[in-house]
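For what it's worth, the working numbering labels the leading residue of the sequence shown as 14, then goes sequentially.
Mixed in with the good hints, there may be bad ones.
Pairs of lysine-lysine, DSS-like flavour, derived with a Cα cap of 25 Å [to be verified]:
1. Lys105 x Lys116
2. Lys79 x Lys105
3. Lys32 x Lys47
4. Lys79 x Lys50
Here are the simulated distance ranges between beta carbons [to be verified]:
5. Arg56 x Lys116: 30 to 38 Å
6. Lys105 x Lys79: 32 to 40 Å
7. Glu109 x Arg35: 25 to 33 Å
8. Tyr96 x Lys47: 36 to 44 Å
9. Arg114 x Leu21: 37 to 45 Å
10. Lys116 x Leu36: 49 to 57 Å
11. Pro20 x Ile41: 18 to 26 Å
12. Leu29 x Leu78: 33 to 41 Å
13. Pro26 x Lys105: 37 to 45 Å
14. Ala22 x Ala111: 21 to 29 Å
15. Ser80 x Leu21: 22 to 30 Å
These are calculated hints, taken from the structure and not from any lab test.
The structure displayed is predicted, hence computed values, not measured ones.
Just so you know, even glycine gets a beta-carbon here, dropped at the ideal spot from N, CA and C.
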Amino acid sequence: METRPRPLAHGLPLFLNHKHTRLSGAGIALIFKKMAKRARFARPMNPHSVRHSFATHLLDRGCDLKSVQEMLGHKNLQTTEIYTHVSLERLKEVYEKAHPRSKK
Numbered sequence: 014m015e016t017r018p019r020p021l022a023h024g025l026p027l028f029l030n031h032k033h034t035r036l037s038g039a040g041i042a043l044i045f046k047k048m049a050k051r052a053r054f055a056r057p058m059n060p061h062s063v064r065h066s067f068a069t070h071l072l073d074r075g076c077d078l079k080s081v082q083e084m085l086g087h088k089n090l091q092t093t094e095i096y097t098h099v100s101l102e103r104l105k106e107v108y109e110k111a112h113p114r115s116k117k
């Protein structure tokens, strides 16, 4: 991988394809697919799954939804609510902290 000799000017592509033009979304998805196959991941991986995983890990570690919204660049909080899911581990933790009949 080559490095740029100076800071990138606004609007110029950060990643280039083999033709030295802007890497497309489809090109990025193909790279993810190849890397996931090479790494022998059990599930398919794409840029969206990495973004989803990022949000889920933040929420699982106690980050508030508003902060996740800001990091993902969502204008509407409902978009972030749909985008993220709550893991079973997080649900169990919240239940044990909040429910009076949980076995603490």
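>> Flag every earlier hint the structure violates by its number, smallest first.
In response: Structure breaks hints 4, 6, 7, 8, 9, 14.
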